[in-house]
Amino acid sequence: MHEVVTVRQHEIEGGARRAVFSPVDNRARVDAVVRRIGDAIELGLLADGEQLPGETELAGQLGVSTVTLREALMALRQQGLVTTRRGRGGGSFVSLPEVPADDRLKARLRSWSTEELRDLGDHWAALSGAAGRLAAQRTEPEDLRQLRRTAEELTRAEYAAARSRLYGRFHVELAAAAQSARLTREQVALQREIGALLCLVLADDAYREEVADCHRSVISAVQDGAHETAGTLAERCVRESTARLVAVRLTL
Amino acid sequence: MGRSPGVATLDTEAEAWVAAQVGGALEAVFETVAATRADTETLLGRVVAEDRRPVSADLAALRPGLHVHLTREALVSGVGFVAAPGLLADVPAWLEWWQSGADGDVRPLLLDLDPGQSAYSDYTHWDWFALPRDTGRRAVAGPYVDYLCSDEYSLTLSEPVLVQGRFAGVAAADVYLRHFETAVLPLLRRLPRPAHLVNARGRVAASADPAHLAGSLTKGPDFGELLSAARPGAHDGMRLVPCRGVPLVLVLA
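In order, the protein sequences belong to chains Y and U.
According to our numbering, the residues represented by the first sequence are 585 to 836, in order.
According to our numbering, the residues represented by the second sequence are 2 to 254, in order.
Looking at chain Y on its own, in the form it has when it is part of the complex:
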């Protein structure tokens, strides 16, 4: 396991970490900070027991005031994702609570209103729909290999977290097949927000199959150059996932 630790350490200090701590420009800044750090913990970008940077430094990196950051840290403490120790060697530390991941994810989902989820779904549908349409116009057979491989891996992935990563990868690859760096970057950023939450709907085997079928039909439409169909299918797939997420939210 040593090699894994080495790579993870680099990654934590690297790009993923910069993304975690890049400025947040959201009206609900506290919520945004809570989500950003919470998602990073759920996704394993911040490891259990790891010390977070000092309050001033972290607030600076996230582009929020220390008052906002303190409120966010308080909320994270209440969720049990962060502990704070005082005195020498003190600070804020990542702590993964001993509750099932599912419950933690539900707690995270509760911080989203259904309106916010609906809006997130709209954004996602806009990105993936546009990507599907453009990919169908700009794709030749070699470009489909990666999408096929991802669709295939999704049918075999056992755990919800792996399924959610592959789901996200499919949509990132679709944006790349559209030959658009901007759509791809947006999709990567969006997956950072929604990726952890999707675990809640992808644990269901039947729904996983449905998603895999949907992805396969998107690939077929892209291959046939049927751009309207490809766009519509990609949107439908994304809207169904968001609708399921909203349904789970309404039970909480």
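What the hints contain is simulated information worked out from the structure, not anything from laboratory work.
Accuracy of the hints is not assured; some may be wrong.
[Unchecked claim] Not the full set, but computed from the structure, chain Y residues with beta-carbon under 8 Å of chain U:
id: 1; residue: S695
id: 2; residue: R732
id: 3; residue: R733
id: 4; residue: V756
id: 5; residue: R769
[What the hints assert, rightly or not] Residues of chain U clear of chain Y, computed beta-carbon distances all greater than 12 Å:
id: 6; residue: L11
id: 7; residue: D40
id: 8; residue: A50
id: 9; residue: Q118
id: 10; residue: Q165
id: 11; residue: P211
id: 12; residue: L228
id: 13; residue: G246
Just so you know, even glycine gets a beta-carbon here, dropped at the ideal spot from N, CA and C.
Since the structure of chain Y is already known, use the hints to place chain U on it.
What follows is chain U alone, placed relative to chain Y:
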């Protein structure tokens, strides 16, 4: 039509000249790749001579050379060695990869290569890795959206790295398409007809023709075949001129 044979000859000469210049621009990048390959092969050869398996820390010795390439070669925005999985004793996979930032600084690329955490940990299916591995020859991958390393629309030039005759990974360099366009657009504009460049699959890499923008596909001709033949051709009114030494075709409307 309506041109004298003399003008036609001049046109053909201009096309051949532009195709050669485009080839030359990428040839300079390939020199960077070849130097990185040579440095890596020397380094890995030395480690193997010590009768041990290389570790990721050994690759730090490549850094001074990589930094020089990044600052000297204007077209290159990323350069390095990508290890074949299983080559290094301490990590399952590794990219010794450096990039130049917007403010001219040089920084390492740090990726999450843990398959338990990242959906992007396996890089062996990307063209820039698979083509040199499978053909044993240098390759130009793209244009493609590089969401693994740079988030940029890019070309990646790569070569296989061999240790004791066995594939050990690839040496590679990234050229962002916007920089490539800056380099070749003045050349394309000299031509009397709207011109663009496509890769072996017909994907437009740079264009002075608004009807064929970068990223779109030029359909019809078999560009792969034309590149193998390495001779100019024609298709449906288009003139097709292969660029010397690199898998790009100059297309004139």
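Evaluation of the provided hints:
{"no.": "1", "hint": "S695", "result": "23 Å, violated"}
{"no.": "2", "hint": "R732", "result": "11 Å, violated"}
{"no.": "3", "hint": "R733", "result": "7 Å, holds"}
{"no.": "4", "hint": "V756", "result": "6 Å, holds"}
{"no.": "5", "hint": "R769", "result": "5 Å, holds"}
{"no.": "6", "hint": "L11", "result": "35 Å, holds"}
{"no.": "7", "hint": "D40", "result": "22 Å, holds"}
{"no.": "8", "hint": "A50", "result": "24 Å, holds"}
{"no.": "9", "hint": "Q118", "result": "5 Å, violated"}
{"no.": "10", "hint": "Q165", "result": "23 Å, holds"}
{"no.": "11", "hint": "P211", "result": "16 Å, holds"}
{"no.": "12", "hint": "L228", "result": "15 Å, holds"}
{"no.": "13", "hint": "G246", "result": "22 Å, holds"}
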